[in-house]
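Participant: Sequence:
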Amino acid sequence: MRTWYIEDAGGGCRAFSEVVVLVSENPEESHISTIPLTWSGGESLEEVVCRAVVGLMESAGVTEEDHVLVCSGNIFHGLHAWLTENNYNWEFARMDGLAHDVAENEFYNQILKAGFPPHIKLTDRNYRDFYRVVEKWIMEDESRHSFFKDRSVRQKPVETRYVLKANGARKQRCCACRKSILPYTPLVEFKARQEGKRVRKFFHPECSPITPLKNKLKTAPGVIGEKKIEGVLSTCRNETVCAVCGEAITPGSDAFYSYPSGKLTVCHTRCVVKKSELHSPGED
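Position one of the sequence shown corresponds to residue 0 (numbering that gives the first Met the number 0), numbered consecutively onward.
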């Protein structure tokens, strides 16, 4: 069994191809692929990256028994799902070793080959400032504009920016009806970057202008007293007392949140929900 590392570089830069690498440290072996600046066919960036890494794995002879450590970045979301579906022995990992160095060096070499001043280098992983310098250098000469990535093919469908989830401990205001969204009730969250600024909006599920593709909401039917009620399953953040058994609900444990009498009630999940009724997001 071998251990393989999968890492990327250059995703935060508006220019030059993203680099994905598959690396083994013992014995030392590296496989590298660059993502095209643009493509046709309607594939998402995650799909293109997944296909590239799978190709590297096939070339390297990676097996299901090997240990595969993968960067947790969004660029690999499609790969994460593929590895799970194909029963690979994989997990998330922070990349600090050879895989990180190979990926960063390959991305930097692209920039040098384009004529970028070699005395300007990335220091202390300050990617933001370094990428700004690179982008400014490209903008200074129109002939270099061809190095920019095609952002349109990399943009996620608008549906993926809407997520069905449970509200937290604070009230939110619905951007559609302007009414409050109560704590620990279902909501749809919209996140995006518009004109360089991060934007977050909240909606009641029935008010959302888009049906979300992502579902992080966990609910279950429970019984409090003799009353059946649908509640939200969420992690308890602060120690509180279970409304059923009177014992403490410790932070970090699962809890059942509901409004049986119009007031928020918190219970141990085990006190109100049968195991057979528990279900994961997307199973309804």
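Quick caveat, the hints were computed from the structure, so don't treat them as lab data.
Take these hints with a grain of salt, some might be off.
Listed below are the simulated DSBU-like cross-link pairs for lysine-lysine, each with C-alpha atoms no more than 30 Å apart in a straight line [unchecked claim]:
| hint | residue 1 | residue 2 |
| --- | --- | --- |
| 1 | Lys-215 | Lys-178 |
| 2 | Lys-155 | Lys-226 |
| 3 | Lys-164 | Lys-112 |
| 4 | Lys-273 | Lys-213 |
Label-pair restraints from in silico Cβ distances [as the list claims (entries may be wrong)]:
| hint | residue 1 | residue 2 | range |
| --- | --- | --- | --- |
| 5 | His-66 | Lys-215 | 45 to 55 Å |
| 6 | His-118 | Thr-249 | 53 to 63 Å |
| 7 | Thr-249 | Gly-114 | 28 to 38 Å |
| 8 | Asp-123 | Ser-71 | 20 to 30 Å |
For clarity, every value in this text was computed on a predicted model and none was experimentally measured.
By construction, the Cβ of each residue, glycine as well, lies at the ideal position given by its N, Cα and C atoms.
Participant: Are the hints correct? Go through all of them and say.
Facilitator: Each hint tested on the structure:
In summary, the hint linking Lys-215 to Lys-178 is supported, as the alpha carbons are separated by about 22 Å, within the 30 Å threshold. As the CA atoms of Lys-155 and Lys-226 are separated by approximately 43 Å, the hinted pair breaks the 30 Å bound. Distance restraint check for Lys-164 and Lys-112: the Cα-Cα separation of roughly 46 Å exceeds the 30 Å cut-off, and the hinted pair is therefore not satisfied. Restraint check for Lys-273 and Lys-213: satisfied, since their Cα atoms lie roughly 26 Å apart, inside the 30 Å limit.
The hinted range of 45 to 55 Å is not satisfied by His-66 and Lys-215, whose Cβ atoms lie roughly 28 Å apart. Taking the beta carbon of each, His-118 and Thr-249 are about 55 Å apart, inside 53 to 63 Å as hinted. Thr-249 and Gly-114 have their C-beta atoms about 59 Å apart, which leaves the hinted 28 to 38 Å range violated. Asp-123 and Ser-71 have their C-beta atoms about 21 Å apart, which keeps the hinted 20 to 30 Å range intact.
Hint check: violations occur at hints 2, 3, 5 and 7; the rest are consistent with the structure.
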